[in-house]
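Using the sequences and the hints given, assemble the complete structure.
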Amino acid sequence: MNEETIIETHNLSKRYDNITVVDQLNFHVQSGEIFGLLGPNGAGKTTTILMLMGLTEPYSGNAKVCGYDPTREPLKVKRLVGYMPEKVGFYDNLTARENLDFIAELNQIDATTANQTIDELLHTVGLDDALDKLVGQFSRGMKQRLGIADALVKEPKVVIFDEPTAGLDPEGINQILDLLRDLPKKGTAVIMCSHRLYEVQRICDRVGILSRGRMLVEDTIEHLGREAFGGGLFRIEVETVKPSAQLIKTLGDTQGIERVELHDNIIIISADSDRRTQISGILVTNGFPIKEIKIQEYTLDDIYMKYFRKEAL
Amino acid sequence: MIVFLVAVFTSIIAYYSAAEGISLRITGEFIFLRLFTTQIRNWELGFLISFVNFTALFFIPLIGISLGFDAINKERTSGTLSRIVSQPVFRDTIINAKFLAGLAVLAVMVTIALFLTVGYGVGLRSVASLLGFQPPIAFPPPGAEELIRLFIYFAFSIIYGAFWMGLAMIFSIASRSTATSLLTSLGLWIFLSIGTVLILWAIGRTTQEVTTLTSVLQVTPAILFADATNTMLFPLGMTTGVFVQNPLSLGQSLLDIWPQLTGLISLTAICFAASYMLFMRQEIRST
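Respectively, the protein sequence lines represent chains A and B. Okay, so the first sequence: first residue is 1036 according to this note's numbering, each after it adds one. Okay, so the second sequence: first residue is 4 according to this note's numbering, each after it adds one.
No lab work stands behind these hints: they were computed from the structure. Please note that a few of the clues may not be correct.
Here are the simulated PhoX-like cross-link-like pairs (lysine-lysine), alpha carbons at most 20 angstroms apart as the crow flies [stated by the list, open to error]:
1) A/Lys-1277 / A/Lys-1329
2) A/Lys-1122 / B/Lys-77
3) A/Lys-1192 / A/Lys-1168
4) A/Lys-1178 / B/Lys-77
5) A/Lys-1099 / A/Lys-1192
6) A/Lys-1111 / A/Lys-1192
Listed below in structure tokens is the structure:
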């Protein structure tokens, strides 16, 4: 698949009554990738989306979505971008199919094509049985899945999901995430907003961390780990008895090990990969017993916390 | 459904009022239209409001408000609005659609109430005798001019209803809760319809002069509508200020209500324009 930039922003900003909500935002999304927009509540995620959809005007800067400026040509953008709002709602007195039919009609998709697409989509999201049931009888998880189908009815180039898993149980969350992960296979780019790290970590190719309207970092999760800690992606803790300074030095000189710290009897090593075999070898040849050895991959959680601690300072 | 019952109720009131009223006073011309305008204000018989005044004060405002008060904020709270605005449709299409759909329902409701009353009228003689009234006069079928006057009345009611709907819609855009918008529109309705009528009545009892207050109150929509429609449907009596001996011709009646007509249309236009502007500028978030 050839990569093309679907969304890019240049110094996108938004202010409400002199309060800057989104500040000089620059990021881009390629086709066929899942981009995670991560940030705590009130970081400006939803406002950013609204600007991308042309639902609110930026204070300064601009955005390009599929080559169109959402402020100037909102209809063209809306034709190509699917959006599932955080609190998605349907007409309770219509069936699932009627709800989607209505959206297809607003997008001027002819009835035969629309019917086919809707059948397929409802099958994908696992709502075949509920096709002709009133949405009023749907559970929260079903509505959320219908929301995904709803965003996809117009066969968009990019879909934006704003907190798609809000208020769902773990099983529901898994279903939603699995659905989202499969979307790029059909050539649709996905932007997912969330404040839950593990969700973003599970499915996103690249992540942008947003805080107080500013993009702190934008990169792949792997790179983020390196950047944030100035060290490796892996953190190995070794517990031994009375480690000597010489041992620390030897460990530090070993190839692949980027930093060694000592806390009492625990040596904390950050390494670029799983170096447990080498480390235990060094300890044993130098005559130090190994009481415990633990390895930990940096999660987005650590990265996140790290950035927010920095932010707070 | 409830609105439909109100329509039936309206026509029943009109029927009783007219039936009793007509049996008391028999006049020569436009008897069919008297069905809509006759009311009873008599201590012995009690008070019964005429069809025209009932629709002006209660029926049409209530339908208008019930159609408009949750037009936008219900969609907003249920989360459907943010889905709709992210589709490739102009935002004014949404509000125009709301308005036109409301007008269509309004037209149907007014038609029902009108037809029911007309139906009672046509069958008045037989029904009246069934109910124990003396059939007052030979009740002629409605003439062409009467029908035209009724149609003008119908068109006028739609504009009047659109005013209330537009007013309620402003509140439904401005306020996020349906309860607030309902209470605000109902409050304004009570003030603008019943309140002003009571004030005018009180002023009329104490002084005979036309004060500034009365002239201001004259432009409230309910009064405008009631004046205009009474003139239109009851060309024999008090027109908008002057008592006439001979029935006014259709053209003269129209000329007479021209200020009321333009006043009401402009009030409606103001309401719609205000809700339109509010909605176009509003940011729609899902939360």
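Against the structure, the hints:
Between the alpha carbons of A/Lys-1277 and A/Lys-1329 the distance comes to roughly 18 angstroms, so the proposed pair stays at or under 20 angstroms and holds. Between A/Lys-1122 and B/Lys-77 the alpha-carbon distance is near 14 angstroms, which keeps this suggested pair within the 20 angstroms criterion. For the given pair, A/Lys-1192 sits about 29 angstroms from A/Lys-1168 by alpha-carbon distance, which is inconsistent with the 20 angstroms threshold. For the proposed pair A/Lys-1178 and B/Lys-77, the alpha carbon gap of about 18 angstroms is at most 20 angstroms, so the pair holds.
Distance hint between A/Lys-1099 and A/Lys-1192 is fulfilled; the C-alpha atoms sit about 13 angstroms from each other, no more than 20 angstroms. With a C-alpha separation of about 12 angstroms, the suggested pairing of A/Lys-1111 with A/Lys-1192 holds against the 20 angstroms cut-off.
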